[in-house]
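Undergrad: Okay, here's what each chain looks like letter by letter:
10 protein chains.
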Amino acid sequence: MITRAELTEKIVAHKIMRGVKWSDIAAAVGHSKEWTTAALMGQISLTRDQAVAAGHALGLNFSEEELALLMTVPYRGSLPTAVPTDPLIYRLYEVVSVYGTTMKALIEEEFGDGIMSAIDFTMDISREANPAGDRVKIEMTGKFLPYKTF
Amino acid sequence: MITRAELTEKIVAHKIMRGVKWSDIAAAVGHSKEWTTAALMGQISLTRDQAVAAGHALGLNFSEEELALLMTVPYRGSLPTAVPTDPLIYRLYEVVSVYGTTMKALIEEEFGDGIMSAIDFTMDISREANPAGDRVKIEMTGKFLPYKTF
Amino acid sequence: MITRAELTEKIVAHKIMRGVKWSDIAAAVGHSKEWTTAALMGQISLTRDQAVAAGHALGLNFSEEELALLMTVPYRGSLPTAVPTDPLIYRLYEVVSVYGTTMKALIEEEFGDGIMSAIDFTMDISREANPAGDRVKIEMTGKFLPYKTF
Amino acid sequence: MITRAELTEKIVAHKIMRGVKWSDIAAAVGHSKEWTTAALMGQISLTRDQAVAAGHALGLNFSEEELALLMTVPYRGSLPTAVPTDPLIYRLYEVVSVYGTTMKALIEEEFGDGIMSAIDFTMDISREANPAGDRVKIEMTGKFLPYKTF
Amino acid sequence: MITRAELTEKIVAHKIMRGVKWSDIAAAVGHSKEWTTAALMGQISLTRDQAVAAGHALGLNFSEEELALLMTVPYRGSLPTAVPTDPLIYRLYEVVSVYGTTMKALIEEEFGDGIMSAIDFTMDISREANPAGDRVKIEMTGKFLPYKTF
Amino acid sequence: MITRAELTEKIVAHKIMRGVKWSDIAAAVGHSKEWTTAALMGQISLTRDQAVAAGHALGLNFSEEELALLMTVPYRGSLPTAVPTDPLIYRLYEVVSVYGTTMKALIEEEFGDGIMSAIDFTMDISREANPAGDRVKIEMTGKFLPYKTF
Amino acid sequence: MITRAELTEKIVAHKIMRGVKWSDIAAAVGHSKEWTTAALMGQISLTRDQAVAAGHALGLNFSEEELALLMTVPYRGSLPTAVPTDPLIYRLYEVVSVYGTTMKALIEEEFGDGIMSAIDFTMDISREANPAGDRVKIEMTGKFLPYKTF
Amino acid sequence: MITRAELTEKIVAHKIMRGVKWSDIAAAVGHSKEWTTAALMGQISLTRDQAVAAGHALGLNFSEEELALLMTVPYRGSLPTAVPTDPLIYRLYEVVSVYGTTMKALIEEEFGDGIMSAIDFTMDISREANPAGDRVKIEMTGKFLPYKTF
Amino acid sequence: MITRAELTEKIVAHKIMRGVKWSDIAAAVGHSKEWTTAALMGQISLTRDQAVAAGHALGLNFSEEELALLMTVPYRGSLPTAVPTDPLIYRLYEVVSVYGTTMKALIEEEFGDGIMSAIDFTMDISREANPAGDRVKIEMTGKFLPYKTF
Amino acid sequence: MITRAELTEKIVAHKIMRGVKWSDIAAAVGHSKEWTTAALMGQISLTRDQAVAAGHALGLNFSEEELALLMTVPYRGSLPTAVPTDPLIYRLYEVVSVYGTTMKALIEEEFGDGIMSAIDFTMDISREANPAGDRVKIEMTGKFLPYKTF
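Chains X, Y, Z, D, F, U, P, B, W and V, in that order, give the protein sequences.
In this text, residue positions in the first sequence follow this note's numbering: the first is 1362, and each later residue adds one.
In this text, residue positions in the second sequence follow this note's numbering: the first is 1362, and each later residue adds one.
In this text, residue positions in the third sequence follow this note's numbering: the first is 1362, and each later residue adds one.
In this text, residue positions in the fourth sequence follow this note's numbering: the first is 1362, and each later residue adds one.
In this text, residue positions in the fifth sequence follow this note's numbering: the first is 1362, and each later residue adds one.
In this text, residue positions in the sixth sequence follow this note's numbering: the first is 1362, and each later residue adds one.
In this text, residue positions in the seventh sequence follow this note's numbering: the first is 1362, and each later residue adds one.
In this text, residue positions in the eighth sequence follow this note's numbering: the first is 1362, and each later residue adds one.
In this text, residue positions in the ninth sequence follow this note's numbering: the first is 1362, and each later residue adds one.
In this text, residue positions in the tenth sequence follow this note's numbering: the first is 1362, and each later residue adds one.
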């Protein structure tokens, strides 16, 4: 049997061999590039139709077993270690490590005691042109969920 | 001697006792609320003047030793464990854990091989009104730094 | 040889391909959906008859070796890391992390020094309709076991 | 300065010396025993009035600094290690470790892809009389939060 | 305030200074030496009378606060690290590490699927005379608890 | 090449398929059930004759390579993690975690400074009939080894 | 499918079998020996032409799939554990462990608050002849990136 | 008693209050700024004269006990965690994590099997002017130590 | 109360202030320098007379409480982390890490299945003059303990 | 491709099947049994001639790929976990854990500040006859390397 991790590697390799972009696959699937990439990276489940469409965009004809894997709600978590070693991903972890208590203080001051949902959540990654060097812009919104008194 | 962690607790307790907001302190210091909170949480160093101003806003007259602590570039890292236990902060960690490889794939596709700087970096936390429940909005921008060939 | 983990993946894939529900398999096996799912997930051993029945419900004809695996008392523990990364499972871990000392204080006040058994234990997962959004309801009961004086 | 952990120890010691029950303190505070215990254990913030009332029930007159600690939204997490060593709390962790994937499978089959909220969450701990030995009953409900497509 | 760990150190130091044995203290308390030692080591709670009696045997007059600590059900776990560094205690851990799967296999073959209780549990430590060198004998009995089908 | 771990799984599967007990295999090998189980679980090396005899009792004809694996002194340690997740084995670990300092105090008081050997060691696992529920009895003896002064 | 780790092992084995040096491969690829080695070790992505050229220098004709792996931006991190066990690499880790706070103090005194980039970074490894024994010389330069005030 | 860590904090605070530079203290001590900083950071022992001289440069008159601490060979290791959280120090760790196997490959190809000493070791940190932004330059040399055949 | 760790620091500081050598203290105590150093470092218990003698050699008059600490069998383990950060001690750990399986293979070939005791154990540390640079010589002997068949 | 770990297992299995001793292989290779065992265990690289000779002594005709693996300088570290679980190897780790600070104190008193090299290092393992039971004798010598002042 193929595992989900092996299927992810197969998808990434075919994407490179075929020269297709994540936004192209997203268009075929009918969702944002952020959602589609996360799904193909093994973090979100697809419907059969979405999986078939993604396969076509990649030039792949997924087997029944591969489709079942893509349709399964995955055990989420995309990193091999609790502290990521990849520099790009580490920088995001560093933001949480260094500014985590700051974000907590400001969100709680503005909203009261609660959290920002990571489930009712959107993410948008874009380029911000800047003469001093273009910037990566990450926008996240999550519904504020107040702690319920019980 | 007082430690930096004890000074942080003292600052937070006085903020509550005095009923002052982070944005009020920020106005006194002359920077954004995000930067000022991070500085008082022990993640950024202040100048003597900024430290004195923050103290006044808190109703505190920092000692020479406390000022020295606030002026020292801190050993950064605001969390007691590698995986945060606080639910609000954990949700941010979860975003990195679940969507880290997705963010990496999309940033690299858009910009090429490199990272988003966590140093030449800005952060903005705001409320997004929404009839289905207000949302926390976090915007981060970081300069894209391409890997240099050597 | 097939491993227990591979057999679990095979069972889950066939469940999806066949479109059968856990409660259907449970009916075939003759136990609750909670018990049956845990058994097929590799946490409880089945008898030969139960294993054969589960296989039929999944459209699978288990080999002798696969039956032996299903009949073996497993080395229990269903998660790849001590702190789970999957958000659904993490929320349960968060309850233990945040409210663990609270539960300890209240159980001990009510019952005296002892524990709630996780062996003489039942679990029931159901939907609680709610106009503000349906709720997941988890009921657990475990026999109270007082510490024996020796 | 007193730390939050030291304040928790002081509260627990006075509770024992005074012979008061969590439900008595809860009545004074005006919330459930579960919520009140969690708050005094350092996992939930109290208002000034609630803190003062809890103090009176314990025979304690909290100082301004102690009140500020009780009013601060805490850095949540009540256990000294990621895997708890206390047997009562470990049994709850064991349930997550052994039955975590089972709970995930059943919640997802019933509700679709999403989580049970640990924020919009209630918890009730009670005694279930049973001739074979009384049972601890833990009921949790959390709002089902579906993953949002973005 | 004194912590439980500091109280344990005080008890051990007074035991040495006074030259009293654990079995003497146990006789004063009215329980086995195993139970009494565990209680004074901070793993079991004492009643007020037991705590007072233990104090007398140690030549100590415990304060109200110390009595409250001894009467509190402790957060159990007596070792500073998950893998013990003390050689005597490590040898016990080694037995679990090396022979754990063997004990599991044999208990399950004899009793079926279940566990040996560590709560309804007794422990006896004694000397076994032997011409080749005396032996430490540890006898443990724990009630067998079968997994309940639910 | 087959690994030792795979050989252990093969042995356990054949034991179940053949319906043979550990004590039957032990009789064929000529040692106690405790020793024989530990050896087949990969913690003790066998002689060629013992390995062949164990194979016959299991209905297996071990290859030369499998015999070599069974004859190799193994890298000992039977558990996948430092803190075991299996509930039966965890209870044994819990005994060490909770009562470790107690056992240390009592052994040292009786014998002086030293350890109980885990090498010159015997283990016996048996059933103790009890009207309140049968008990698992584990007896261990280990030679006392005093610290040598050097 | 071949994994990136297996491809690295294949490259290293062929380098030894062919008796070619890293600087020879670097000359074929058209970059420094440091950059080329890092790329073939799986830490930097190559273009198709660079990958083909490296293959020729190694006497290897990479398959389409192997080329795709070499062209993928890798999940960086070359070591199997957070603390390296290999003595050569450990010595570099030791420098960070022992002198890390020193380097931080000196860089911050010279440049102000900021970091040395590990992305806009060069590395040069050379031999320094010395009558007391030749020395390994490692020169690193990284652009200084000041913390941006936001 | 003061601990070494508290003495380090005292030294750093006085350095800031006094406005003195590491190179000034180094001149008073008579060594490089790198060596002197490491010594005052608690990683190298000083002679009595060096310690007294450093104290004078800092405006401090060390007590006998403080001098003893500065003269003790320290238990080296300057970071609170195995993976550093401070961004400046993390970047150095990242270099080891990402390029460690590359450095190993190149040093071994040039020198044969052995290591670069971290004891017979020098370190120099300087500013490299660059129109694209000044660069931090770190030069390390360590004696090559070949593995001895035994 | 003073802790054992604080007492160790006090002993080391007085040894430096007094300018006395470990072998001098050992002569006063009447044991080897290895044994005496380990005892004063908190790894071996002393008798009252030995403790008093060691104190005199250090110019210290230990209090009753300090004597009790020195007479207690310690919780052994002298290092703050599982992997030591101090370079001198790390090199010893490295020997175990790199050559551990080699030592196991050779001891088992010579002696059969068993271990070298770390309890019936001696250690001798000396200087070996060598024109190419003096060498540290560590000799350890431990009684061979064969695994007992049970 | 065969991995280095698989090749080690193959070598050990053939050694047992062939009944050859490490000292026999060492004689064929022309080095000590300690060095030869470490090399075949994957911790030291061999020349082609040494590898071929070792193969002949084992009755193995290594393939080109296997020879390349034996000739590669390995990523050193022979143990699967930071704290070894095998009792024989653990005892060596225990010596470092318990006596590490003692060894540090004595080496530094004799030699000054520096380390014992683990590279310019020899190891000798032998049997010491003793009427009270033969002893394992481990002698290590390592060149003393003083810290260089820079």
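By construction, these hints were calculated from the structure, which means they are not laboratory data.
Cβ coordinates follow ideal geometry from the N, Cα and C atoms, glycine included.
Just so you know, not all the hints are guaranteed correct.
The calculated lysine-lysine pairs, modelled on DSBU-like cross-linking and capped at a C-alpha distance of 35 Å, are [said to hold, decoys possible]:
id	chain 1	residue 1	chain 2	residue 2
1	P	1382	B	1382
2	F	1509	D	1371
3	F	1498	Z	1382
4	W	1498	P	1498
5	D	1382	Z	1509
6	D	1509	Z	1509
7	B	1498	Y	1371
8	U	1498	U	1509
9	Z	1371	U	1498
10	F	1382	U	1371
11	V	1498	P	1382
12	V	1371	Z	1371
13	Y	1371	W	1498
14	Y	1509	X	1498
15	U	1371	Z	1371
16	V	1498	W	1498
17	D	1382	F	1371
18	Z	1498	D	1498
19	X	1371	V	1498
20	D	1498	X	1371
21	V	1509	P	1498
22	U	1371	Z	1509
23	P	1509	B	1498
24	Z	1382	D	1382
25	F	1371	W	1498
26	F	1498	D	1382
27	P	1371	P	1382
28	B	1509	P	1371
29	W	1509	F	1382
30	D	1509	Y	1498
31	V	1509	P	1382
32	X	1371	Y	1371
33	D	1509	X	1382
34	D	1371	B	1371
35	P	1382	X	1371
36	W	1371	U	1498
Label pairs and their in silico Cβ distance ranges [what the hints assert, rightly or not]:
id	chain 1	residue 1	chain 2	residue 2	range
37	U	1379	Z	1509	31 to 41 Å
38	X	1409	Y	1469	26 to 36 Å
39	D	1469	P	1382	48 to 58 Å
40	Z	1432	V	1489	17 to 27 Å
Undergrad: Please go over all the hints and tell whether each is borne out by the structure.
TA: Going down the list of hints, with the structure as the test:
no. : hint                        : verdict
1   : P:1382 / B:1382             : 46 Å, violated
2   : F:1509 / D:1371             : 40 Å, violated
3   : F:1498 / Z:1382             : 53 Å, violated
4   : W:1498 / P:1498             : 30 Å, holds
5   : D:1382 / Z:1509             : 24 Å, holds
6   : D:1509 / Z:1509             : 50 Å, violated
7   : B:1498 / Y:1371             : 39 Å, violated
8   : U:1498 / U:1509             : 33 Å, holds
9   : Z:1371 / U:1498             : 39 Å, violated
10  : F:1382 / U:1371             : 52 Å, violated
11  : V:1498 / P:1382             : 43 Å, violated
12  : V:1371 / Z:1371             : 32 Å, holds
13  : Y:1371 / W:1498             : 53 Å, violated
14  : Y:1509 / X:1498             : 21 Å, holds
15  : U:1371 / Z:1371             : 19 Å, holds
16  : V:1498 / W:1498             : 13 Å, holds
17  : D:1382 / F:1371             : 30 Å, holds
18  : Z:1498 / D:1498             : 13 Å, holds
19  : X:1371 / V:1498             : 54 Å, violated
20  : D:1498 / X:1371             : 47 Å, violated
21  : V:1509 / P:1498             : 16 Å, holds
22  : U:1371 / Z:1509             : 40 Å, violated
23  : P:1509 / B:1498             : 21 Å, holds
24  : Z:1382 / D:1382             : 46 Å, violated
25  : F:1371 / W:1498             : 41 Å, violated
26  : F:1498 / D:1382             : 43 Å, violated
27  : P:1371 / P:1382             : 15 Å, holds
28  : B:1509 / P:1371             : 29 Å, holds
29  : W:1509 / F:1382             : 33 Å, holds
30  : D:1509 / Y:1498             : 16 Å, holds
31  : V:1509 / P:1382             : 33 Å, holds
32  : X:1371 / Y:1371             : 54 Å, violated
33  : D:1509 / X:1382             : 23 Å, holds
34  : D:1371 / B:1371             : 32 Å, holds
35  : P:1382 / X:1371             : 32 Å, holds
36  : W:1371 / U:1498             : 47 Å, violated
37  : U:1379 / Z:1509: 31 to 41 Å : 39 Å, holds
38  : X:1409 / Y:1469: 26 to 36 Å : 29 Å, holds
39  : D:1469 / P:1382: 48 to 58 Å : 55 Å, holds
40  : Z:1432 / V:1489: 17 to 27 Å : 51 Å, violated
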